[in-house]
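Student: Construct the entire structure; sequences and hints are all you get.
In case you want the letters, here they are:
Number of protein chains: 2
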Amino acid sequence: MFTKNKEESISGLGEVALIAKIRHWLGAISPNSPQGMGDDCAVVDRPKGLKQILTTDSLSYDQHFDGSISAHDAGAKLIKRNLSDIAAMGGRPGEALLNLLCGSDLRTDWLAAFFEGISHACREYELPIVGGDTSTLPNGQFTAVLSLTGYLTKPPLLRKDAQAGDTLYVTGTLGGSLLKKHHNFEPRLNEGQWLAQSMACSALMDITDGLAKDLGEIIPDECVAYLELSKIPLSDAAHQCAKASGRPAMEHAFCDGEDYELLLAVKKETQLEVFERQWRQKFPGTPLSQIGQLRKGQSKVPYIDSKTQEALPWIKGFEHLINQ
Amino acid sequence: MFTKNKEESISGLGEVALIAKIRHWLGAISPNSPQGMGDDCAVVDRPKGLKQILTTDSLSYDQHFDGSISAHDAGAKLIKRNLSDIAAMGGRPGEALLNLLCGSDLRTDWLAAFFEGISHACREYELPIVGGDTSTLPNGQFTAVLSLTGYLTKPPLLRKDAQAGDTLYVTGTLGGSLLKKHHNFEPRLNEGQWLAQSMACSALMDITDGLAKDLGEIIPDECVAYLELSKIPLSDAAHQCAKASGRPAMEHAFCDGEDYELLLAVKKETQLEVFERQWRQKFPGTPLSQIGQLRKGQSKVPYIDSKTQEALPWIKGFEHLINQ
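These protein sequences, in sequence, are chains A and B. According to the working numbering, the residues represented by the first sequence are 387 to 710, in order. According to the working numbering, the residues represented by the second sequence are 387 to 710, in order.
By construction, these hints were calculated from the structure, which means they are not laboratory data. Here a beta-carbon is modelled for each residue, glycine too, at the ideal position from N, C-alpha and C. Careful: at least some of the hints might be erroneous.
The list that follows gives simulated cross-link-like pairs (lysine-lysine, BS3-like), each with its CA atoms no further than 30 Å apart [stated by the list, open to error]:
{"hint": "1", "chain 1": "A", "residue 1": "K654", "chain 2": "A", "residue 2": "K540"}
{"hint": "2", "chain 1": "B", "residue 1": "K546", "chain 2": "B", "residue 2": "K686"}
{"hint": "3", "chain 1": "B", "residue 1": "K629", "chain 2": "B", "residue 2": "K682"}
{"hint": "4", "chain 1": "A", "residue 1": "K437", "chain 2": "B", "residue 2": "K434"}
{"hint": "5", "chain 1": "A", "residue 1": "K437", "chain 2": "A", "residue 2": "K390"}
{"hint": "6", "chain 1": "B", "residue 1": "K566", "chain 2": "B", "residue 2": "K654"}
{"hint": "7", "chain 1": "A", "residue 1": "K653", "chain 2": "A", "residue 2": "K629"}
{"hint": "8", "chain 1": "B", "residue 1": "K437", "chain 2": "A", "residue 2": "K540"}
{"hint": "9", "chain 1": "A", "residue 1": "K629", "chain 2": "A", "residue 2": "K617"}
{"hint": "10", "chain 1": "A", "residue 1": "K437", "chain 2": "B", "residue 2": "K540"}
{"hint": "11", "chain 1": "A", "residue 1": "K686", "chain 2": "A", "residue 2": "K437"}
{"hint": "12", "chain 1": "A", "residue 1": "K629", "chain 2": "A", "residue 2": "K654"}
{"hint": "13", "chain 1": "B", "residue 1": "K682", "chain 2": "A", "residue 2": "K434"}
{"hint": "14", "chain 1": "A", "residue 1": "K546", "chain 2": "A", "residue 2": "K654"}
{"hint": "15", "chain 1": "B", "residue 1": "K437", "chain 2": "A", "residue 2": "K434"}
{"hint": "16", "chain 1": "B", "residue 1": "K693", "chain 2": "A", "residue 2": "K434"}
{"hint": "17", "chain 1": "B", "residue 1": "K434", "chain 2": "A", "residue 2": "K540"}
{"hint": "18", "chain 1": "B", "residue 1": "K668", "chain 2": "B", "residue 2": "K686"}
{"hint": "19", "chain 1": "B", "residue 1": "K546", "chain 2": "B", "residue 2": "K392"}
{"hint": "20", "chain 1": "A", "residue 1": "K686", "chain 2": "A", "residue 2": "K617"}
{"hint": "21", "chain 1": "A", "residue 1": "K617", "chain 2": "A", "residue 2": "K654"}
{"hint": "22", "chain 1": "A", "residue 1": "K668", "chain 2": "A", "residue 2": "K617"}
{"hint": "23", "chain 1": "B", "residue 1": "K682", "chain 2": "A", "residue 2": "K437"}
{"hint": "24", "chain 1": "B", "residue 1": "K653", "chain 2": "B", "residue 2": "K693"}
Quick partial rundown of chain B residues pointing at chain A, CB under 10 Å, derived from the structure [unchecked claim]:
{"hint": "25", "residue": "C427"}
{"hint": "26", "residue": "P433"}
{"hint": "27", "residue": "C508"}
DEER-style ranges, computed between Cβ atoms [what the hints assert, rightly or not]:
{"hint": "28", "chain 1": "B", "residue 1": "Q695", "chain 2": "A", "residue 2": "R509", "range": "46 to 56 Å"}
{"hint": "29", "chain 1": "A", "residue 1": "M585", "chain 2": "B", "residue 2": "A414", "range": "51 to 61 Å"}
{"hint": "30", "chain 1": "B", "residue 1": "K390", "chain 2": "A", "residue 2": "K434", "range": "52 to 62 Å"}
Tutor: Printed below as a string of structure tokens:
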């Protein structure tokens with residue numbers, strides 16, 4: 387079942403191709419987004435017009451965290467990264483199911499602190515954990531999987547409904563999350579819910595794999611994104627990382643993963659000044675940056691520097707499963 | 387975070403104690419059954435009287451399957467063992483979320499066959515997979531986690547509502563599942579739904595950790611189970627295992643895990659002959675065995691041989707996380 391021959395293993399595929407294959411293998415039992423895969427959550431119709439959303443995500447030792455963050459912060463991160471997917475639909479959290487998979491050599495006091503972090507985050511966001519399961523992995527292994535229900539009170543904000551002419555925004559600042567933010571962030575639940583009820587937004591997602599990769603998700607067919615690089619909100623951490631890596635801070639903002647910020651398109655008929663003023667009043671602590679616009683056009687690289695009119699070099703974010 | 391000192395690790399706890407600790411650590415954010423942990427599914431009230439059920443379970447290489455079963459059967463097993471939890475509430479399946487966690491050295495053709503098994507089982511039980519996630523584990527590792535929604539059209543059949551005087555039944559035959567049945571079983575969905583609408587049943591669960599362990603779950607406080615050993619439906623595989631192990635076939639029926647049969651208590655006011663006749667008409671292919679009765683009483687070992695009036699020696703089923 388395992389092989390050292392890369393051609394025969396999934397290591398040769400990369401995450402995007404692997405997911406495409408899985409969709410193909412599943413066939414008709416895997417409905418398309420919004421009812422199925424392809425967005426931050428699936429949207430399922432329930433009786434009496436209730437729209438439920440469903441999502442799942444995992445947190446593995448050595449993959450999503452290492453010994454440099456505390457057990458408490460790792461536990462809180464598991465909850466918050468899943469809530470970020472609920473936020474990215476403009477939804478509200480419902481209930482959680484938790485799977486714990488670990489080696490039996492896991493320290494009990496470490497696990498207690500991990501659950502303290504879970505419990506703390508769940509209280510903060512009013513998320514009950516209603517079920518779960520434990521199972522054994524080989525020594526030295528730890529993975530936790532969270533599955534979440536949530537619900538919508540407004541039509542869902544999908545990735546795929548943006549149009550040419552819409553304006554692109556991001557919340558917060560981008561890049562260098564590995565220094566701290568990847569476990570020290572707030573899921574943008576209130577912001578997402580406000581966007582859902584404002585009706586100004588045509589598309590919404592959270593930035594988890596880096597702007598470079600995620601932006602491609604909301605660009606419609608036969609459109610390109612014209613970006614004003616001077617407006618991209620570089621984080622202090624992006625600048626710090628740039629000093630260490632020798633690469634531009636802008637590249638860190640585009641290509642580092644785990645920002646957990648919102649990326650949104652605002653409908654072209656919206657009065658942007660009014661929209662931005664309302665945002666500032668409602669969320670004075672959450673920066674909102676207008677980073678560019680969607681326009682008709684075709685380009686091999688769909689991100690254009692609106693100043694130079696040249697294609698941007700950053701098109702890949704963080705991909706799992708590559709060349710390990 | 388890991389330790390070789392058993393006293394400091396979860397290996398010293400065993401699964402039951404670990405889950406008790408997790409409940410303690412989670413505190414108020416973990417509601418009690420039926421709204422939370424403690425039964426085969428959590429039961430969550432939705433608007434307009436809809437009762438949703440939620441459950442999750444995993445399947446790990448070297449833990450729940452090995453190289454002796456095909457990738458196709460492993461995939462089908464993941465679906466069916468989760469559906470068995472839906473059956474154990476008398477519920478109907480809704481949608482599934484799938485997490486795939488594996489080493490990047492996993493063979494692509496093995497994974498394709500695994501998804502063929504998933505897809506086949508999902509078509510058979512009309513279960514759409516609406517979302518999921520992939521993540522990397524170290525080479526040689528494979529775990530899949532499935533989370534399920536379902537719903538009830540009748541009041542849920544819980545583990546905890548049995549009373550003294552109720553009669554105990556099991557479906558199918560027990561023991562020796564490791565030879566084949568652990569991946570070659572049908573979740574008892576139709577049987578569970580029929581039991582829910584029959585109103586004869588006071589408690590229901592599926593037998594996954596062995597009758598010895600699971601029976602304890604449905605015995606009320608200050609009750610014991612009087613069992614007629616001659617009525618325990620020993621599988622052919624239990625007899626085969628007994629020959630190989632030198633232990634009694636009855637011990638295999640009690641202590642082997644993964645039977646995926648239903649264990650139920652039938653209310654004392656029920657006309658058992660009528661109930662059993664209806665069952666045989668409805669499910670001619672599914673044996674139903676009356677194995678004993680719940681009676682008032684206290685005993686250190688709550689399982690009594692009704693012939694000898696002596697305590698039975700088998701009280702432990704399959705426990706994860708012990709002494710590995």
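Student: It remains to establish, for every hint, whether it holds in the given structure.
Tutor: Against the structure, the hints come out as follows:
1. A:K654 x A:K540: Distance of about 20 Å is within 30 Å: holds.
2. B:K546 x B:K686: Between K546 of chain B and K686 of chain B the Cα gap is close to 19 Å, so the pair holds against 30 Å.
3. B:K629 x B:K682: Outside the cut-off at roughly 37 Å; violated.
4. A:K437 x B:K434: 13 Å, holds
5. A:K437 x A:K390: At roughly 45 Å apart (the allowed maximum being 30 Å), K390 of chain A and K437 of chain A break the hint.
6. B:K566 x B:K654: 36 Å, violated
7. A:K653 x A:K629: 38 Å, violated
8. B:K437 x A:K540: 22 Å, holds
9. A:K629 x A:K617: 21 Å, holds
10. A:K437 x B:K540: 22 Å, holds
11. A:K686 x A:K437: Given pair K686 of chain A, K437 of chain A is violated - Cα atoms ~37 Å apart, limit 30 Å.
12. A:K629 x A:K654: 38 Å, violated
13. B:K682 x A:K434: Violated, at roughly 45 Å.
14. A:K546 x A:K654: 15 Å, holds
15. B:K437 x A:K434: With Cα atoms ~13 Å apart, K437 of chain B and K434 of chain A stay inside 30 Å; holds.
16. B:K693 x A:K434: Given that 30 Å is the threshold and the Cα spacing comes to 55 Å, the pair is violated.
17. B:K434 x A:K540: 18 Å, holds
18. B:K668 x B:K686: 39 Å, violated
19. B:K546 x B:K392: The given pair, whose Cα atoms are some 34 Å apart, is violated under the 30 Å limit.
20. A:K686 x A:K617: 23 Å, holds
21. A:K617 x A:K654: 19 Å, holds
22. A:K668 x A:K617: Within the cut-off at roughly 21 Å; holds.
23. B:K682 x A:K437: 47 Å, violated
24. B:K653 x B:K693: 23 Å, holds
25. C427: It holds, given that the least Cβ distance between C427 of chain B and chain A is near 7 Å, below 10 Å.
26. P433: P433 of chain B check passes; min Cβ-Cβ to chain A is 6 Å, inside 10 Å.
27. C508: 4 Å, holds
28. B:Q695 x A:R509: 46 to 56 Å: 51 Å, holds
29. A:M585 x B:A414: 51 to 61 Å: Violated, at about 36 Å.
30. B:K390 x A:K434: 52 to 62 Å: This hint holds: roughly 56 Å between Cβ atoms.
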